[in-house]
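Asks: One-letter residues, chain by chain:
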Amino acid sequence: GENVEQHPSTLSVQEGDSAVIKCTYSDSASNYFPWYKQELGKRPQLIIDIRSNVGEKKDQRIAVTLNKTAKHFSLHITETQPEDSAVYFCAASIGNQGGKLIFGQGTELSVKP
Amino acid sequence: GAVVSQHPSWVICKSGTSVKIECRSLDFQATTMFWYRQFPKQSLMLMATSNEGSKATYEQGVEKDKFLINHASLTLSTLTVTSAHPEDSSFYICSASYTDTQYFGPGTRLTVL
Numbered sequence: 069g070e071n072v073e074q075h076p077s078t079l080s081v082q083e084g085d086s087a088v089i090k091c092t093y094s095d096s097a098s099n100y101f102p103w104y105k106q107e108l109g110k111r112p113q114l115i116i117d118i119r120s121n122v123g124e125k126k127d128q129r130i131a132v133t134l135n136k137t138a139k140h141f142s143l144h145i146t147e148t149q150p151e152d153s154a155v156y157f158c159a160a161s162i163g164n165q166g167g168k169l170i171f172g173q174g175t176e177l178s179v180k181p
Numbered sequence: 029g030a031v032v033s034q035h036p037s038w039v040i041c042k043s044g045t046s047v048k049i050e051c052r053s054l055d056f057q058a059t060t061m062f063w064y065r066q067f068p069k070q071s072l073m074l075m076a077t078s079n080e081g082s083k084a085t086y087e088q089g090v091e092k093d094k095f096l097i098n099h100a101s102l103t104l105s106t107l108t109v110t111s112a113h114p115e116d117s118s119f120y121i122c123s124a125s126y127t128d129t130q131y132f133g134p135g136t137r138l139t140v141l
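Chains as they are written, first to last, in our numbering: chain A, 69 to 181; chain B, 29 to 141.
These aren't lab readings, by the way, just hints derived from the structure by calculation.
A hint or two may mislead.
Unchecked claim - Here are the in silico distance ranges between beta carbons for each label pair:
{"id": "1", "chain 1": "B", "residue 1": "R137", "chain 2": "A", "residue 2": "H75", "range": "23 to 33 Å"}
{"id": "2", "chain 1": "B", "residue 1": "T127", "chain 2": "A", "residue 2": "K110", "range": "19 to 29 Å"}
{"id": "3", "chain 1": "B", "residue 1": "K42", "chain 2": "A", "residue 2": "E151", "range": "33 to 43 Å"}
{"id": "4", "chain 1": "B", "residue 1": "F56", "chain 2": "A", "residue 2": "L108", "range": "19 to 29 Å"}
{"id": "5", "chain 1": "B", "residue 1": "A30", "chain 2": "A", "residue 2": "G69", "range": "26 to 36 Å"}
The beta-carbon is built from N, C-alpha and C at its ideal position, and this holds for glycine as well.
Here chain A stands alone, though its shape is the one from the complex (with noise of 0.2 Å):
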C-alpha cells in the first residue's frame, strides 16, 4: 500500500542553525505535499505545501523541495528559534482518493536556546 517514511524522527539544533527534515513517499499518482507543525495536545497546522507541478516553494524562513523523480521531499528551516520546537509531519496525497493524505512517522524538531 501507499507509504510515507520521514527522517529523522528526532532533530536537535541550536538556535539560528537550520533544520532538515526528508521524506519518500511510494505512490507515484501523489501530487500534493503539504508539512504540518503540531505542539503538544493542539492541532497540526499546516506550514507549507507543495504541490507536483513546482520543484521548490519557499515562505519565509521555511522552504519545501520536491523531487518527483526520486519520490522525495524536504522541509527546511532556516535560522531556527526556540519557538520552531514542535512536531513537524509531512503528508503526501493519495491518487484519486479525494484528498485522502497519508502522514509520516513525525519527526520532534527541539531547538535549544
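Take the given structure of chain A and dock chain B to it, following the hints.
Replies: The following block gives chain B in isolation, referenced to the frame of chain A:
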C-alpha cells in the same frame, strides 16, 4: 478563513457507553471531512473519510459498526464511538478539505475508564 471546530475538547466516560464527537467547518462548506486517531508520540492514523450525503469510507482495520460516522450537512460531521472500551482512549482529530487542503480541528481527547 478555513476554521474547523471540534466538540467536546475532552471527554471521560465509563466503559460500555457511547460518545459522540462533532466536527464543524465554521467558515466554509466541506463536502469531505476526515477522521483521525492519534496515540501519544505517534502519527495521525486515518480512520475514515466522511462524505456529505453518503456513507463514510473506512480504512482497513477500522470497525465501521464501532465508529459510526454521519455527515449530515456541508458543515458538520459526527463520529460516535459506540460501546467504548479503555483501548479506545486516544486523541481524535477531524479535518475538513478546503481547496484541496486539509484543515484540522483542535482534537478531542477521549478517556475511557
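Asks: A range of 26 to 36 Å was offered for this pair. Does it hold for the Cβ distance of B/A30 and A/G69?
Replies: holds (29 Å)
Asks: Is 23 to 33 Å right for how far apart the beta carbons of B/R137 and A/H75 are?
Replies: For A/H75 against B/R137, whose Cβ atoms are near 29 Å apart, the range 23 to 33 Å holds.
Asks: Cβ-Cβ distance between B/F56 and A/L108: within 19 to 29 Å?
Replies: holds (28 Å)
Asks: Do B/T127 and A/K110 keep their Cβ atoms within the hinted range of 19 to 29 Å?
Replies: holds (23 Å)
Asks: Is the hinted range of 33 to 43 Å satisfied by the C-beta distance from B/K42 to A/E151?
Replies: holds (40 Å)
Against the hints set out earlier in the document, no violation occurs for any number.
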